[in-house]
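Those sequence lines, one after another, are chains A and B. Position 120 (the first sequence) corresponds to 120 in our numbering; numbering is contiguous. Position 493 (the second sequence) corresponds to 493 in our numbering; numbering is contiguous.
Since the hints were derived computationally from the structure, they do not count as laboratory data. Treat the hints loosely; a few may be bogus.
[What the hints assert, rightly or not] FRET-style restraints, in silico, Cβ to Cβ:
| # | chain 1 | residue 1 | chain 2 | residue 2 | range |
| --- | --- | --- | --- | --- | --- |
| 1 | B | E237 | A | I57 | 49 to 55 Å |
| 2 | A | V312 | B | D230 | 43 to 49 Å |
| 3 | B | S238 | A | F214 | 42 to 48 Å |
| 4 | B | A191 | A | P246 | 35 to 41 Å |
[To be verified] Calculated cross-link-like contacts (lysine to any residue; reagent style SDA-like; alpha-carbon spacing at most 20 Å):
| # | chain 1 | residue 1 | chain 2 | residue 2 |
| --- | --- | --- | --- | --- |
| 5 | A | K45 | B | T123 |
| 6 | B | K480 | B | Q451 |
| 7 | A | K192 | B | P12 |
| 8 | A | K102 | B | G508 |
Cβ coordinates follow ideal geometry from the N, Cα and C atoms, glycine included.
Here are the chains, one letter per residue:
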Amino acid sequence: MTNDTLNERESKLERLQLIAVFGLMVVGAMFICSATSSSAQESQKVWYAQIWFRQIIWYALGLGAAAGLCMVSYHTLARWSFVIYWAMIVALIAVLIPFIGKTHGWGARRWIDLPFYQFQPSEFAKVAFVLAGANFLSRPPEELKLPENFWKAIGLMLLPFVLIMKEPDLGSALVLLPTGFVMMLVAGTPRKFILRLLAVVGIAGVLFVADVLFAPPKWQIKLHEYQRQRLLVYFGKDFAPKNATPQEKEAARRLQIDRSFQSKQALISVGSGGLTGTGWGKGKQTSLQFMPSGAAHNDFIFSVIAEEEGFVGSVVVLTLYAVVLFSGLRIAGQARDRLGKLIAVGIVTLLFSHVFVNIGMNIRIVPVTGIPLPLLSYGGSSVLCSLIALGLMQNVYIQRRGY
Amino acid sequence: MLVVDELKKNDPQLRLVALVLAGGLCVLFAGLWWVQVVSAREFQNHREAQAYRTVRLPAVRGKICDREGRVLAENRPRYNLSLYFDDLNDQFKKEYERIRPVKITASTPPFWQFWNRAKTMQTNRVKLKQNQIDALMWQARGNVASRAVTELGRQLGEPLALDLKKFMRSYEQERAMPFTILSDLDDGQIARFHEKYHGGLGADLVLQPVRSYPNDTTAAHLLGELRQDDSSLEGEESFFNYRLPDYRGVTGIEGKCNPALHGRAGVESVLVNNMGYRMADDVGTPPQPGADVTLTIDLDLQRAAEQALATEIQKFPGNKINGAVVVMDVRNGDVLAMVSSPVFDPNDFAQGISPEKYRQIQELEAEKNRATFENYAPGSIFKPVVALAALDNGLNPFEIYRVQANPSKPDRGCIYIGKRKIEDTALPGDYDFKRALIHSSNSYFIWFGMQTAHIENIVALGKKFHFGERTELFANQETKGVFPTATQVLKRSGWTDGETANVCIGQGAVDVTPIQIAVAYSAIANGGTVFWPRIISRISSPDFSGADAVTNFPAAQVRDHLGVKPRSLKILRDAMFADVQGGEGTGRKAAVAGLNICAKTGTAQVQDERNRLTGHNYWFASFAPAESPHYAVVVLLQSPTLGGSGGDNCAPIAHDIYETMVRKENAPKPVARN
Numbered sequence: 001m002t003n004d005t006l007n008e009r010e011s012k013l014e015r016l017q018l019i020a021v022f023g024l025m026v027v028g029a030m031f032i033c034s035a036t037s038s039s040a041q042e043s044q045k046v047w048y049a050q051i052w053f054r055q056i057i058w059y060a061l062g063l064g065a066a067a068g069l070c071m072v073s074y075h076t077l078a079r080w081s082f083v084i085y086w087a088m089i090v091a092l093i094a095v096l097i098p099f100i101g102k103t104h105g106w107g108a109r110r111w112i113d114l115p116f117y118q119f120q121p122s123e124f125a126k127v128a129f130v131l132a133g134a135n136f137l138s139r140p141p142e143e144l145k146l147p148e149n150f151w152k153a154i155g156l157m158l159l160p161f162v163l164i165m166k167e168p169d170l171g172s173a174l175v176l177l178p179t180g181f182v183m184m185l186v187a188g189t190p191r192k193f194i195l196r197l198l199a200v201v202g203i204a205g206v207l208f209v210a211d212v213l214f215a216p217p218k219w220q221i222k223l224h225e226y227q228r229q230r231l232l233v234y235f236g237k238d239f240a241p242k243n244a245t246p247q248e249k250e251a252a253r254r255l256q257i258d259r260s261f262q263s264k265q266a267l268i269s270v271g272s273g274g275l276t277g278t279g280w281g282k283g284k285q286t287s288l289q290f291m292p293s294g295a296a297h298n299d300f301i302f303s304v305i306a307e308e309e310g311f312v313g314s315v316v317v318l319t320l321y322a323v324v325l326f327s328g329l330r331i332a333g334q335a336r337d338r339l340g341k342l343i344a345v346g347i348v349t350l351l352f353s354h355v356f357v358n359i360g361m362n363i364r365i366v367p368v369t370g371i372p373l374p375l376l377s378y379g380g381s382s383v384l385c386s387l388i389a390l391g392l393m394q395n396v397y398i399q400r401r402g403y
Numbered sequence: 001m002l003v004v005d006e007l008k009k010n011d012p013q014l015r016l017v018a019l020v021l022a023g024g025l026c027v028l029f030a031g032l033w034w035v036q037v038v039s040a041r042e043f044q045n046h047r048e049a050q051a052y053r054t055v056r057l058p059a060v061r062g063k064i065c066d067r068e069g070r071v072l073a074e075n076r077p078r079y080n081l082s083l084y085f086d087d088l089n090d091q092f093k094k095e096y097e098r099i100r101p102v103k104i105t106a107s108t109p110p111f112w113q114f115w116n117r118a119k120t121m122q123t124n125r126v127k128l129k130q131n132q133i134d135a136l137m138w139q140a141r142g143n144v145a146s147r148a149v150t151e152l153g154r155q156l157g158e159p160l161a162l163d164l165k166k167f168m169r170s171y172e173q174e175r176a177m178p179f180t181i182l183s184d185l186d187d188g189q190i191a192r193f194h195e196k197y198h199g200g201l202g203a204d205l206v207l208q209p210v211r212s213y214p215n216d217t218t219a220a221h222l223l224g225e226l227r228q229d230d231s232s233l234e235g236e237e238s239f240f241n242y243r244l245p246d247y248r249g250v251t252g253i254e255g256k257c258n259p260a261l262h263g264r265a266g267v268e269s270v271l272v273n274n275m276g277y278r279m280a281d282d283v284g285t286p287p288q289p290g291a292d293v294t295l296t297i298d299l300d301l302q303r304a305a306e307q308a309l310a311t312e313i314q315k316f317p318g319n320k321i322n323g324a325v326v327v328m329d330v331r332n333g334d335v336l337a338m339v340s341s342p343v344f345d346p347n348d349f350a351q352g353i354s355p356e357k358y359r360q361i362q363e364l365e366a367e368k369n370r371a372t373f374e375n376y377a378p379g380s381i382f383k384p385v386v387a388l389a390a391l392d393n394g395l396n397p398f399e400i401y402r403v404q405a406n407p408s409k410p411d412r413g414c415i416y417i418g419k420r421k422i423e424d425t426a427l428p429g430d431y432d433f434k435r436a437l438i439h440s441s442n443s444y445f446i447w448f449g450m451q452t453a454h455i456e457n458i459v460a461l462g463k464k465f466h467f468g469e470r471t472e473l474f475a476n477q478e479t480k481g482v483f484p485t486a487t488q489v490l491k492r493s494g495w496t497d498g499e500t501a502n503v504c505i506g507q508g509a510v511d512v513t514p515i516q517i518a519v520a521y522s523a524i525a526n527g528g529t530v531f532w533p534r535i536i537s538r539i540s541s542p543d544f545s546g547a548d549a550v551t552n553f554p555a556a557q558v559r560d561h562l563g564v565k566p567r568s569l570k571i572l573r574d575a576m577f578a579d580v581q582g583g584e585g586t587g588r589k590a591a592v593a594g595l596n597i598c599a600k601t602g603t604a605q606v607q608d609e610r611n612r613l614t615g616h617n618y619w620f621a622s623f624a625p626a627e628s629p630h631y632a633v634v635v636l637l638q639s640p641t642l643g644g645s646g647g648d649n650c651a652p653i654a655h656d657i658y659e660t661m662v663r664k665e666n667a668p669k670p671v672a673r674n
């Protein structure tokens, strides 16, 4: 073997992943800048008060936090995992209480306003769940065969799931499911449990969608109107019930156009980028505000990248994520123990779920859900959590099996 | 591959996860490929469609000039004071925030903020329903716009008010276009605007070319009318989001030459944002200006003819008098002047006409070009045609015909056709050809028309004059007159002598237009050549290379030859010369010193369907100078109430026109155009 490989083996940090992460941060800062440059409000601010610079500050803070986490072994962290988990549960309950939780005009109570910072507990809860879940599932495989442990694991997952659903933040809640499921699978939960869980979740999902789309109003599960509308938009169903009056139908049709506007514009942005795109800062969709300025640098940042850099840019972003994810899986394979492996797998699945759902909703293979694209979307909580999660992964790598 | 190496060693679960991950990324990759590469065109079109509005830019209409290049129709700039919605958008938002209801609540800080004891006053927005928000937004826009309009009015020094309905419609439908609040600013207003306005109200002056006829009513019928019409012409782009006002010529030269004058409209693309506000403009195809048209008209003669006609009509206040004048160059058929009365101002049609004015025009039928667009009984001015037919068929001009006295009016003559008596205005007595013509004896012309000329020959000659056929001067504004055909006048078709008698004195089955008479008298004057009248001499379209593409319409297009003996023409012309210059002729009032005029007057009865007399056509048809004819002047007046004869009413008009010609020909030629 060459020196290179030896060096890499002996390197403290997983370098390839770090390079990809830095690449994503550069892309993120660049396109947040591009997405907000057309806003008159933004351009009036001094450069250091602009959104793209605030994002860079979040990157710096996140990197600091990640570096800090790497100082202590993940075993130590795991010992505190339930404390963190329950602290997050308390925060998730707190956010549901009016006066503490803030809606910021979005209709969902997701934020707690701290000085200079809008804290979004659901983001942190996802990481806390991975840590706690890994800690719980890292017990010997024999113990996992006990049904009570299976149910405990399910409970561990469902508690934050239900609380986040309550905000409501369907997207963030739903990414917990594959994360928990994959961790249980990798931990070695017996196949019959896994299969049953899969069956139950599958049937429940189908029933849920069928209920929303086809059931008469009285039989429908209570969803927020906008959530129902997003699903209707995705499945291309009419908003108006069959027995509606023409006026109602007309109103519903107009509402539908309104509601499908964002997802339609995202699709137009991505599609019109073509192979090479319009060039950085030259995207028409954002500068003309067809892509709403509130969304362009947040959940729909990918559409900005796709329009301005085209298919080439999209593939670059996908490749960067692929590098992060697969190097994460390799870290899982090299982990010293099952705890480390589960942490790495959990984080990989969590990140992948975000990436898949977010990019998927830009090209309309997934319904619109408010879920950020890790490291690219603007947002303190999301950036901090993504970098903390990646720090944990590096921590696992640092403590990997020696050869 | 390190990743694969590691996975091989590890448990199958991790490999499964890796596979699912790879599968998921492949789905995204394939989806992006489909959206961004395969369907890119479709989405790009969609993006263009929602971000661009196309505006039809009308071309600048070509000029119309007289034969010496003097302008009859041109374009002048019109400045409209307009508001741009995109510039007002911020103010709309601010105003909305200002008028939005708020509630002020006192709140105690929550218990954990124990250090903060003070009660705070908070202003909260009142939650509104969507329709309340919409109404409030309209109110905000209305407030901003009417404030801007009032302020602009103050700056211009005249009160302005916002038409809220128009404003709302314009905002809804043409948000990317300027909204006009005051159109056609005068120079003072433009100066005040530039002096006082310093921005901030979203206002600007928008330039628009507008058709203008500097000579007002002069040559109105000839030039024609414009109608507002912004539809696409053939060969132009047909879909536009917005269209700027454009005009189409419907009558006269504006109508006849519309395809040339109109030019080709251009396209402007306006980039708009999601709200439909204008962001940037970009001219896709510049409009191609219209071609200039040069007419055969002589503005001096046109003015003189109009002036003469108007002066004569003004002599008889209280009478409803219509009239027409045609002046033609007998050598080539060029129309030098063409007048119709009553008149209208073509500026009114191009720049907006008040309903009241329009009603007035309709009532007077002022839009009708009476020189071409109405049939008139010619009366005695048809006698030269009968005379030519008779002379060519052997009439001895010195042969005497005795006109008998009318039993009921012994001082006037008459003639009997079968049992029917036809009255004559000429005295009873002996007439030779010349005397018969200058006194316009009905009896003489009926007698020789029937005995010598015969109706078949009159009709055959009339055919060569092309009576009863259009001169093709204006396609949609010309009547063809009435003239019997060769088969109609056969005995077996039921043709009677009475009808022949009527034709001989220009009544009954004969109707003409002034332009036809001008062509016919030109033929008599020039020795027998019937020309196609010409009014357009040149169309020159401005080319991008700078050189003009010129289409010339050659003069002197021969339509027919009369084929009569020169001797017949000479006898006729001598008699017509005597009619004006002889001192006792009916046309003597036209005489002008220094010019020998040949003419024939006419007074035709106008009857309704039940043969009741409803009025008279007064004619004066002439050419000059007698020795080498150059001009033909035809004057027509029509009135239900006016008395007198063509000699009395029309000859003075011709006199004035001829006088102008003499003055013009004697005047030193101007070195440069005026």
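Practice task
Find the hints from earlier in the document that the structure breaks and name them by number, from lowest to highest.
Solution key: 4, 5, 6 and 8
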